[in-house]
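Single-letter residue listing:
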Amino acid sequence: MSEPVADDVVISIRDLHKSFGSNEVLRGIDLDVVRGEVVCIIGPSGSGKSTLLRCVNLLEVPSGGTVTVDGTEITDPDCEIDDARRTMGMVFQQFNLFTNLDVLGNLTIAPRRVLRRNRAHAEEIARANLARVGLSEKESSFPGQLSGGQQQRVAIARALTMEPTVMLFDEPTSALDPELVGDVLDVMRSLAEEGMTMLVVTHEIQFAREVADRVLFIDGGVIVEQGRPEAVITDPQQERTRNFLARVLHPGQKTA
Amino acid sequence: MALTRRQRTRLGRGAQYAIAVAVALLLALTADWPTIARAFFDVGVAASLFPDVILIALRNTLLFTALGFVVALALGLVLALMRLSSVRVYRLAAGAYIEFFRGLPALLVFIAIGFGVPLAFGTILDRLVSITLALGIVGSAYIAETIRAGIQSVPRGQVEAARSLGMSPTRTMIFIVIPQAFRIVLPPLTNELILLTKDSSLAFLLGTTLEQQELAQFGRAALNQARSLTPILVVGLCYLIITIPLSYLARRLERKYGSAGMPKGAEV
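Chains as they are written, first to last, in the working numbering: chain A, 1 to 256; chain B, 1001 to 1268.
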């Protein structure tokens, strides 16, 4: 694999800090994600991994440091954040489908109101993305009529209709019943295979091992360890990483 | 001989019914029925009220209420958004307005608009404009708080999802938050409409000619002429014709959308 050239870097994070009151959640994160890379972020709850992801599209405003996405420094106060966010698709733990709109409405509202696509064009793209997540027949359902797994796949399709250069996933399977997790992971896997740049906060270690180009272990607001998944997951170098993986991979067993 | 739980319940219920029947009987036996019938159920007087009670009085009540409600809704929405604004001055101004007009009797607001505005600005407002304005102001203070609560009950994730798609705060408010908030506040808004229907009776403060009369004023005028209480009955029924369907509607909406503002059958 050749060394990435500078303009291949899609997300560039420098010395990122975030505090909630006196609680410092992120304590200096540096991270570069190159085009087409799939980075999975793992770590114990409260480690700051979701906050890190939410800082990337400024749903949380960092207390310090810079975030640059696709050449735009979004932490610049003069940055047109709404424009910058269009290049990033976000998928939430709780799906957050718009409950006042049906599935097609969820997929067309932003393209129509933000990108000014006309209705027919927006619906054409929406239907193509619904087919991509395997839910073409659900276009006139309301979110409440879908299972959690279906809702999350619609949420992924919704993010894709904006044709983002990066997809951010915030624990996309954590709110799902176990038997519904697979469908969502399948959609994410095929996205990764198509070459989408992805930043994924997840507890699915197996998924990270299979799909990620790089795994980041975060604890206490810093990146403790990172590298190829087989290295970080199979042969962790840090004590904290080993403990975490032991707890996640073998729940119920005593750890050293 | 101890009574079982079921027997005790039955005995208690029986006692309650007995008391209710006794009170009803007492009222029925002591009331002067022939006088009541003459006063309230004078068919001739009732007939003489038609068609004006419908064509003028009911029509005016509906007109005043509808116009007042539209103004109240628009003003209430603006006030609610100001209350939730990140701009402190807007929050304070809206808060002061709401506390002020919610604390005053509607009667005072009508007098202030009807007599205060001409004094202060040297212009006499059209009567319909004055009534619409007064009802709008009275209603808006309550409606603002209702809408604010509705907007705040829309889950944060909905806003985050919209913003993450690149929608501006304004677009998010218009296309996502307000539509959901309105589903949540439809039942309480219907109740505000009922209250406003009754408040429209205060229009009597701002004009007296026949064509201007709404239900309550029409009833009082007829009362003086007919020397019978029948107009009260007729006019009262007219109010109920408006308000009972509205409360039925409010209950229907409440059942349909539930407290979470979601269509029935929705799961979270």
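Don't take every hint at face value.
Example chain A residues on the side facing chain B (calculated, C-beta under 7 Å, incomplete) [what the hints assert, rightly or not]:
1) N57
2) R86
3) M90
4) F98
5) R112
6) M162
Using C-beta positions, here's what the derived DEER-type ranges look like [stated by the list, open to error]:
7) B:G1116 to A:E73: 34 to 40 Å
8) A:S45 to B:R1005: 47 to 53 Å
9) A:E24 to B:K1198: 34 to 40 Å
10) B:R1088 to A:S45: 33 to 39 Å
11) B:V1078 to A:Q226: 34 to 40 Å
12) A:T165 to B:G1157: 45 to 51 Å
Simulated from the structure, these hints should not be mistaken for laboratory data.
Think of the CB as a built atom: it goes at the ideal place given N, C-alpha and C, for glycine as much as any other residue.
Open item on the list: Can you tell me whether the CB distance of R1088 (chain B) to S45 (chain A) sits inside 33 to 39 Å?
Closed with: holds (36 Å)
TODO: Identify whether the interface hint at M162 (chain A) stands, where standing means a beta carbon of chain B within less than 7 Å of its own.
DONE: Holds. Min distance 6 Å.
Open item on the list: Restraint: M90 (chain A) near chain B, CB-CB cut 7 Å. Satisfied or not?
Closed with: holds (4 Å)
- [ ] Given the hint of 34 to 40 Å, check if E24 (chain A) and K1198 (chain B) actually sit that far apart at their C-beta atoms.
- [x] violated (57 Å)
Task: When the least beta-carbon distance from F98 (chain A) to chain B is tested against 7 Å, hint result - done: holds (6 Å)
- [ ] Could you tell me whether the CB distance from S45 (chain A) to R1005 (chain B) stays inside 47 to 53 Å?
- [x] With Cβ atoms ~49 Å apart, the hint holds.
Open item on the list: Does R112 (chain A) hold up as a contact with chain B if the rule is Cβ-Cβ below 7 Å?
Closed with: violated (9 Å)
Task: Interface hint for N57 (chain A), Cβ within 7 Å of any Cβ on chain B - done: Holds: closest Cβ of chain B sits about 6 Å from N57 (chain A), inside 7 Å.
Task: Interface hint outcome for R86 (chain A) [beta carbon to chain B under 7 Å] - done: holds (4 Å)
Task: Pairwise beta carbon distance, V1078 (chain B) to Q226 (chain A), judged against the given window 34 to 40 Å - done: violated (51 Å)
TODO: Check the following: the C-beta atoms of T165 (chain A) and G1157 (chain B) are separated by a distance inside 45 to 51 Å.
DONE: violated (24 Å)
TODO: Just tell me: holds or violated, for the beta carbon distance of G1116 (chain B) and E73 (chain A) against 34 to 40 Å?
DONE: Because 55 Å falls outside the window, the suggested range is violated.
Hint compliance for this structure: hints 5, 7, 9, 11, 12 are broken, all remaining hints hold.
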